[in-house]
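Trainee: What follows is each chain in one-letter form.
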Amino acid sequence: MLFNTIDFAIFLPIVFILYWFTTNKNLRFQNILLLVASYFFYACWDYRFLFLLVFSTFLDYYTGLKIHKVETKKKKLFWLWLSISMNLGFLGVFKYYNFFASSFANGLSLIGLKANLGTLNVILPVGISFYTFHGLSYVLDIYKSRIKPVKDFIEYSVFVSFFPLLVAGPIERATHLLPQIQKKRSFDYSKAVDGLRQILWGLFKKVVIADNAAEYANMIFNNSGDYSGSTLVLGALFFAIQIYCDFSGYSDIALGTARLFGIELLKNFAFPYFSRDIAEFWRRWHISLSSWFRDYLYIPLGGSKGGIWFKIRNTFIIFLVSGFWHGANWTFIVWGALNAIYFLPLLLLKKNRTNLETVAQGKYLPTIREFINMSITFGLTVFAWIFFRANNLEHAISYISQIFSSSLFTIPTIFPKTIILLIIVFIIIEWFGREQKYAIEKIGHKWYKPIRWVLYYGIVIAIFYFAGKEQQFIYFQF
Amino acid sequence: MKKFIYKLILFFSIPILFFVFTEGYIFSLKKDIFSDKKMDIIFSGIASNYQWVNTIEHKKILLLGSSSVRYGLSCTLLNKLSNDSLVFVNLAMDARDPIETYFLLTHINLTNVKAVYFGIDPWIYTKSYYKYRNSYLYLDMSLITSLKYGLEHDKSIFFKRIKSLIRYLLSSNKISQIDFNKNKQEIPADYGSVKLEGKPTNFNDPINEYFQIDKYGWSELQFSYLAKISTFCISKNIEFSVFLPPKRSDYSATYKSKCNLIHNEFVTNLIKENLNCQIFGKFNQLDTIGDYNLFREAYHLNANGQAVYSAIFYEMMLNKKELFSLNYKWFN
Numbered sequence: 001m002l003f004n005t006i007d008f009a010i011f012l013p014i015v016f017i018l019y020w021f022t023t024n025k026n027l028r029f030q031n032i033l034l035l036v037a038s039y040f041f042y043a044c045w046d047y048r049f050l051f052l053l054v055f056s057t058f059l060d061y062y063t064g065l066k067i068h069k070v071e072t073k074k075k076k077l078f079w080l081w082l083s084i085s086m087n088l089g090f091l092g093v094f095k096y097y098n099f100f101a102s103s104f105a106n107g108l109s110l111i112g113l114k115a116n117l118g119t120l121n122v123i124l125p126v127g128i129s130f131y132t133f134h135g136l137s138y139v140l141d142i143y144k145s146r147i148k149p150v151k152d153f154i155e156y157s158v159f160v161s162f163f164p165l166l167v168a169g170p171i172e173r174a175t176h177l178l179p180q181i182q183k184k185r186s187f188d189y190s191k192a193v194d195g196l197r198q199i200l201w202g203l204f205k206k207v208v209i210a211d212n213a214a215e216y217a218n219m220i221f222n223n224s225g226d227y228s229g230s231t232l233v234l235g236a237l238f239f240a241i242q243i244y245c246d247f248s249g250y251s252d253i254a255l256g257t258a259r260l261f262g263i264e265l266l267k268n269f270a271f272p273y274f275s276r277d278i279a280e281f282w283r284r285w286h287i288s289l290s291s292w293f294r295d296y297l298y299i300p301l302g303g304s305k306g307g308i309w310f311k312i313r314n315t316f317i318i319f320l321v322s323g324f325w326h327g328a329n330w331t332f333i334v335w336g337a338l339n340a341i342y343f344l345p346l347l348l349l350k351k352n353r354t355n356l357e358t359v360a361q362g363k364y365l366p367t368i369r370e371f372i373n374m375s376i377t378f379g380l381t382v383f384a385w386i387f388f389r390a391n392n393l394e395h396a397i398s399y400i401s402q403i404f405s406s407s408l409f410t411i412p413t414i415f416p417k418t419i420i421l422l423i424i425v426f427i428i429i430e431w432f433g434r435e436q437k438y439a440i441e442k443i444g445h446k447w448y449k450p451i452r453w454v455l456y457y458g459i460v461i462a463i464f465y466f467a468g469k470e471q472q473f474i475y476f477q478f
Numbered sequence: 001m002k003k004f005i006y007k008l009i010l011f012f013s014i015p016i017l018f019f020v021f022t023e024g025y026i027f028s029l030k031k032d033i034f035s036d037k038k039m040d041i042i043f044s045g046i047a048s049n050y051q052w053v054n055t056i057e058h059k060k061i062l063l064l065g066s067s068s069v070r071y072g073l074s075c076t077l078l079n080k081l082s083n084d085s086l087v088f089v090n091l092a093m094d095a096r097d098p099i100e101t102y103f104l105l106t107h108i109n110l111t112n113v114k115a116v117y118f119g120i121d122p123w124i125y126t127k128s129y130y131k132y133r134n135s136y137l138y139l140d141m142s143l144i145t146s147l148k149y150g151l152e153h154d155k156s157i158f159f160k161r162i163k164s165l166i167r168y169l170l171s172s173n174k175i176s177q178i179d180f181n182k183n184k185q186e187i188p189a190d191y192g193s194v195k196l197e198g199k200p201t202n203f204n205d206p207i208n209e210y211f212q213i214d215k216y217g218w219s220e221l222q223f224s225y226l227a228k229i230s231t232f233c234i235s236k237n238i239e240f241s242v243f244l245p246p247k248r249s250d251y252s253a254t255y256k257s258k259c260n261l262i263h264n265e266f267v268t269n270l271i272k273e274n275l276n277c278q279i280f281g282k283f284n285q286l287d288t289i290g291d292y293n294l295f296r297e298a299y300h301l302n303a304n305g306q307a308v309y310s311a312i313f314y315e316m317m318l319n320k321k322e323l324f325s326l327n328y329k330w331f332n
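Sequences listed follow chains A and B, in order. Each residue of the first sequence is one higher than the one before, counting from 1 in my numbering. Each residue of the second sequence is one higher than the one before, counting from 1 in my numbering.
Everything labelled a hint here was simulated from the structure, so no lab data went into it. Beta carbons are placed, not taken as given, at the ideal position from N, Cα and C, and that holds for glycine. Where hints are given, some of them may not hold.
[What the hints assert, rightly or not] The calculated label-pair distances, taken between Cβ atoms and stated as ranges, are: (1) Ile6(A) / Asn109(B): 49 to 55 Å; (2) Ile427(A) / Gly217(B): 43 to 49 Å; (3) Leu455(A) / Gly24(B): 50 to 56 Å.
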C-alpha cells in the first residue's frame, strides 16, 4: 500500500478512528491495533514476506532478552553475533547474493577462471533494509547497556513494524521510539493538525514535484545517448529534485501520519540542498541513516580519532557501506566513494563542523559567499547523483563524458516550462521555511483562518491538477 | 478530539459542498449549456481564422473533418484534376469534430460553395475522445463518468468542468464574437491541406480499446451536429456527402474483425439522427495497391499517400456515391 493511493486514504482514517475512539482507554489495545494495522499495511504489498518480518522481529526480541539475561561477556557476544549474523544473513541473501555471485564470477573471469555460482530468482522484500536496521540498533543498544530489553512482544513488534516507518523509514532508535510506545498516548489537537499539514506537504512534494520531475529524469537518463550535454545536465538536476522530493516527501507523510497517532518519529531531512558543504549536507540528508552509521559503525571503528590514515579508512568505510546499503550495484558504491572524497578534505582540515546552523538564519537571503558555497555543494551532489541514477558504471561514465562535450553550450532540447516553474516555486517555499521542521509548518500561522485554509486548498488543488504520472517511491527498493 | 474531527469535517465539507452544488447546477442546466446559442458562443471563435475562405470567389468544394482529411487530401492536386474549374478548400484540422465544424461552417460565407464533403472517423464520435476536444464538452459527461474519466485520462477534469461552467455563466449575455477583420489572411499554400511530416502520437492504443464505449459511451452531441451540418447544407442548396478516409490495411482488418459491434452502433447512431446524405469511399480503400508505403501510421497518409488518395477521391466524388444507409459497405 502506497501513501499516495486511494487505498491509504481509506486505510488511514479507519485506523485513526479505531485508535482514538475504540482503543483509546487501553494502551495494550492501542498497540495491538497498531500492530494489526501495520501487518495489514505490509501484507498489502506482499503477504508472503510477512513471515520474514515476524521472524526477524522475534529474533531480535529474543536475543535482546538473552543478551540482557546472560552474565558473561562471552555469552552476551554469542547472542549479539547470532542476531547480527541472522539479520545481515537475510539482508545478504535477499539483497546482495546475486551481486556477490556475479561480481565473484566476473572477478575470476579476469584471471581466466570460470565460476558459475548461479543466481537467486527472488524479489527484495520491501523495507528489509529498514526493519533490519531497527532490530540491529535495538540489540546493539542492549549489548552496550544503553537500554533494557522490552518484555512485551507486542510493544517490541510495534517498534519494528509501525506502519508509517515500516517500508522506508525513518530508521528509528529504541531509545527514542520504544518509550513512546510504552507510554499512554493522549490526543493532542495541535499535533494532529500539524501532522495533517506535514502529510499535505509530503504529498505535494511526492505527487507534484517528484513524480513530474521523474518523467523527465527517466526520459533523459533512459535515452541519454540521444541528448545534448545541456539536456543531460537538466536530466541530472531533475533527478536531484526527484530523489529529494520523493524521499523527503515520503518521510513527511510518515512523520505526519505518526503524529496523528501521538507518536513523534525522528526527523529525516533538514533542507539538505541548502547546505554549504558536504559535511552539512550529510547532517541534513537521510539523517536517521547517517546517524545510525555514525553511532553503530563510525564511532565503534574509532571515529575521527587517531592518525590521518585511520580517519581516511573510517570515512571510506562509512560512505562505502552507506552506498552499498542503498543497493547491490557498483554505481551505489562509486556514489558512496565520491561522497567520501568530497568529505575527506573537510575532515582532515577539521572543517567538517563549521556549518552547524541553518544557512542565513533569520535573514531573507544568503550572503554571496554562502550562495557560492551552496551552489558548489549542490553541484557536487548532483554530479554524484548521476552514478546513483545510472543503470551501470558504463552508463554513468558515458553520461558524464557526454555532458562535458561541446553540446553542453547548446539550448536543452527538453525544457518543460510548467514543471520548471513549479520547481522554482517549491524551492522558494522551501527556502523561506528552512528554519522549520518542514517548509509550510509555520506558513500562515498568524493569518486569518479562511486565508490559511485557502493556502491548504491551493495545495490540494495543485496535488490533483499537476499530479505527475504515479511513480513508485524510490526508497522502497532499498 | 471533537474539535479536530469537527474542523476536519468542516475543511472537507466546504469543497465537497461546492462540488455537489456545482455538479447539481451543471446537471440542472445541461439543456441550456448545450443549446445552439451557447454552443455558438463557445465554438464559433474559430471561424475568425478562416475568413480567407470568403476571399475565394471561384466555385468551391469544402473538405471537412479531422486530421485524416487534413493530411489525406491535397487541394492543389484536386484543383488540377478539375482543370481548375473548382477550388477545393480543406477546413479539416487535427481532432476536429462535427461540433466545431458546424460552427465554423455557419460563420463563413457559403456563396459559391458547390459541395461539402465530410470525412468521418468513428472514434471522434466517442466521449473518450473529449480529452482532445474543447474542454467545454466535459460538461456533457455525468458525474460518475467524469470520475472514471478523471482517474483514467484527465485528472484535471473537475477543474475543467468548473472552468467551463464559468465560461457558460459569463456567456449568458454575450453573442458570438468573430473578428471578421482579423488581419488580412493569406490563402494557405495548399488551401488548408498539409503534408504530414511528423508522426502523430495520440494513436498508440489498440483499436478496439480506443473507443471505450463501455466506459464512456458515444457522444450524442457529435452525431446530432453531423446531422445538423447535413441539414444546414441542404437548406443552403449545397450538396453534402460523407466519405471514409482510408486506413492502413492492418488497422482496417482489425477494426473489421474486432470492432464490428462498435461499428454497428456507430452506424445505427447516425441513422437515428436521420443523416440524410450521400456516402463514398471505403476504410480499406488503398489495400490493393500495397498501402504500407502510403501511410505515416495506421490513420494518416504521408505525402505520397496524399497524392495517390487525392486522385482516387476525385474519381469517387464524381462517380461512386451511394445514399447513406445501414447497408452501405464500409470495406471492399
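Trainee: Now look at each hint and say whether the structure bears it out.
Mentor: Right, here's what the structure says about each hint:
Between Ile6(A) and Asn109(B) the beta carbon distance is about 53 Å. The supplied range of 49 to 55 Å therefore holds. Separated by about 44 Å at the C-beta atoms, Ile427(A) and Gly217(B) satisfy the suggested range of 43 to 49 Å. Against the hinted window of 50 to 56 Å, the Cβ-Cβ separation of Leu455(A) and Gly24(B) comes to about 28 Å, which falls outside the hint.
In this structure, the one hint that does not hold is number 3.
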